[in-house]
Amino acid sequence: MSDITIRLLGASRWYGEILGINKINVDIPSGITGLVGPNGSGKSTLMNLICGLMQPDQGRVLVHGEDPWNNAELHRKIGYCTQSDKFFENFTGRQFMESMLRMHGRGEAWARHVAAEALDRLTLTDAANRCIRTYSKGMRQRVKVALALAHEPDVLILDEPFNGLDPVGRRELIRMFVEYGREGRTVLVSSHVLHEIEQMTDRILMMSNGYVMAEGAVREVRDQLRSHPFRVLVRCNAPRRLAARLLQEPHVHGAELDDDRSVTVVTNDPDSLYLKLNDVVLEEKLEPDLVTLADENVSSIFKYLAGREHH
Amino acid sequence: MLFRQIIATTRLSIRRLLFTRFMVANLLLAALPIIILVLIGISLHFHRMSGPDIGTLHRYLEQLLRMFYLHFIIFFVAIISGFAIVRQDLDDRTLHYLILVPVPRWAVIVAKFIAFWVVTAATLLASLWLTYIIAMLIVAGPAATVRDLFGNELWFVVLLRESGVLLLAMTVYGAIGMAAGSVFKSLVFAPILWVWESALPWLPMGLKRLTLTHYFHSLLPFPTTPASQRGAWSAIEIVGVPATMLECFVVLTIVTIIAVGVALLVFWWRECAYVEEAA
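Protein sequence lines correspond, in order, to chains A and B.
Numbers given in the working numbering equal positions in the first sequence, counted from 1, plus 145.
Numbers given in the working numbering equal positions in the second sequence, counted from 1, plus 238.
Simulated from the structure, these hints should not be mistaken for lab results.
Some hints here could point you the wrong way.
[To be verified] A short, non-exhaustive set of chain A residues, derived as facing chain B with CB atoms under 8 Å:
| id | residue |
| --- | --- |
| 1 | L198 |
| 2 | Q200 |
| 3 | Q203 |
| 4 | T227 |
| 5 | F232 |
| 6 | F233 |
| 7 | R239 |
| 8 | M245 |
| 9 | H249 |
| 10 | G252 |
| 11 | W255 |
[Unchecked claim] Covered stretches of chain B (in silico footprint by chain A; criterion: 3 or more residues with CB under 8 Å from a CB of chain A, positions within the stretch not fixed):
| id | stretch |
| --- | --- |
| 12 | 251-264 |
| 13 | 334-340 |
| 14 | 427-433 |
| 15 | 502-510 |
[As the list claims (entries may be wrong)] Quick look at which bits of chain A chain B covers, simulated, 3 or more residues with Cβ under 8 Å:
| id | stretch |
| --- | --- |
| 16 | 189-197 |
| 17 | 210-218 |
Built from N, CA and C at the ideal position, the CB exists for glycine as well.
Bound conformation, chain A alone (with noise of 0.2 Å):
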């Protein structure tokens, strides 16, 4: 594909013991892709890497065909609004701006425009002569908006942007990237709300644990995940009369006995064991007193998979 602007190719990133991100091999191409899992599953790992901030132990990164690692030049084309809420405090809004983006070397002129007109498009004008540090949390997100935005870059980097924003305030960021998104650059956002991230895009990329888990639109991402095998947890007063009973269920794939009042059964359909362990815990008469997912990664990625068909 000819509109590739990102390239993942094996790429790992470890810190020390814990797993970043694991062998991911993503191709991400002009336009809106959202970037959706549940805390600590990788999501800012791999935006630091796209971005230049880290480089990969293992495969490689490439933005527009380049290492994003020391070049400088290629941060041209991108703007990163990192979940980082460090500013430099003593700095107002607008000297923030301008001295972020003189280091563009485009001039003073240049910089007092563009900053302007970033801090404009993001209703920041009235306080643009006011030190950040007695900012609202809502107003420190749009000055990291605003500075990724100003330069216009090709690549376009939001982590969690919409955090500390009100309602309307979303609603005014969404409408700017989905208009960015349409302009034909690249925009890869992140963020732990399904909702809103299927308003601008139904191409996802959700990951998990360190692993791209599924991609592609959001409907083909439930269908991946389908053929995913979650691991469900019950703890009742006879496990093994369970487990037989749900062995025979086509959709359980196996079920082993923790001790003498647990199973955790594997499936790939939860919805359908659930229905199912209701006729059994009925007709057995067992007493069950727990039914959980046993991995918590997996099932917040269920969750939000759960909210979208709420929607």
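Chain A is already provided as a structure; the job is to place chain B on it using the hints.
This is chain B only, laid out in the frame that chain A set:
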């Protein structure tokens, strides 16, 4: 374009350095001799006492530069500023702003070094020259101060030479501060280095050459004061053979290049890893 980028990065670094807590410490250190002189002046005035003659004052000022400035004020002000200018972005977790702009990393370090140099040179030169002027005004008055600077004694030239050594010392110590700021999280190393540098008068000749102050002293007139007139100061005079000017510049240049090189190398490989997001 690169020149503009370095200027912009320098301006940003200067502005940020001026607002660090380290800067307050540096200003206090630089103001210390001035404060002491003003107190002496007030005391002389109230006790209707006359100060030393100009010749004695010159000797005191020379000793002040060698003992107080070289061994204490320049050392700490330069090390602290060099350390702070690299460390502030790491401590404040704002380093990503510098990495995400289209400025090569080597240029960021060069810009930071220039920023350090401008701020620290202004602070230390103001301190040195104000110390001289205030001391002369207290002892001899305005007319004698002007005569002393531009008359037969030509102390203007002496002050220029001493300012040059001051700037050289500041540059070398600042580069060491930057290297240390790239590697260490605290200034614990500074007192250790200071003890080593201050041990100069008592070190055997072979080891003297392993201190930086040996080379700074060698660049100043030697011996500064006839031995018979040194009195209590004799213990802290350089004892031994001074290094030649060429040796001084070679050694100090190598040390500076190595220190800036370390800062550059560490910054080149520096990552902004937000570990809390990792699983």
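Please check whether the stretch 210-218 of chain A has three or more residues whose CB lies within less than 8 Å of a CB on chain B. Our answer is that it holds, as 3 residues pass the Cβ test (under 8 Å) against chain B, meeting three.
Taking 8 Å as the limit, does the beta-carbon of G252 (chain A) come near enough to a beta-carbon in chain B? Interface hint status for G252 (chain A): holds (7 Å vs cutoff 8 Å).
Identify whether the interface hint at M245 (chain A) stands, where standing means a beta carbon of chain B within less than 8 Å of its own. Cβ of M245 (chain A) sits 6 Å from chain B, so the hint holds.
Using 8 Å as the Cβ threshold, decide whether H249 (chain A) counts as touching chain B. holds (6 Å)
R239 (chain A) was flagged as interface toward chain B. Is the shortest Cβ-Cβ separation under 8 Å? violated (13 Å)
Using 8 Å as the Cβ threshold, decide whether F232 (chain A) counts as touching chain B. Since the shortest Cβ distance to chain B is 7 Å, the answer is holds.
Mind checking the CB of W255 (chain A) against every CB in chain B and telling me if the closest is under 8 Å? Because about 10 Å separates W255 (chain A) from the closest Cβ in chain B, which is outside the 8 Å limit, the hint is violated.
Can the stretch 189-197 of chain A be counted as covered by chain B under the rule of three residues or more with Cβ-Cβ separation shorter than 8 Å? holds (count 5)
Closer than 8 Å between Cβ atoms is the bar; does Q203 (chain A) clear it against chain B? Give me holds or violated. Violated: closest Cβ of chain B sits about 15 Å from Q203 (chain A), beyond 8 Å.
At a threshold of 8 Å, is the proposed contact between F233 (chain A) and chain B supported by beta-carbon distances? holds (6 Å)
Per-residue hint verdict: T227 (chain A), partner chain B, C-beta under 8 Å: Holds, about 6 Å.
Was the hint right that Q200 (chain A) lines chain B, CB cutoff 8 Å? holds (7 Å)
Going down the numbered hints, you'll see the structure goes against 3, 7, 11, 14, while the others check out.
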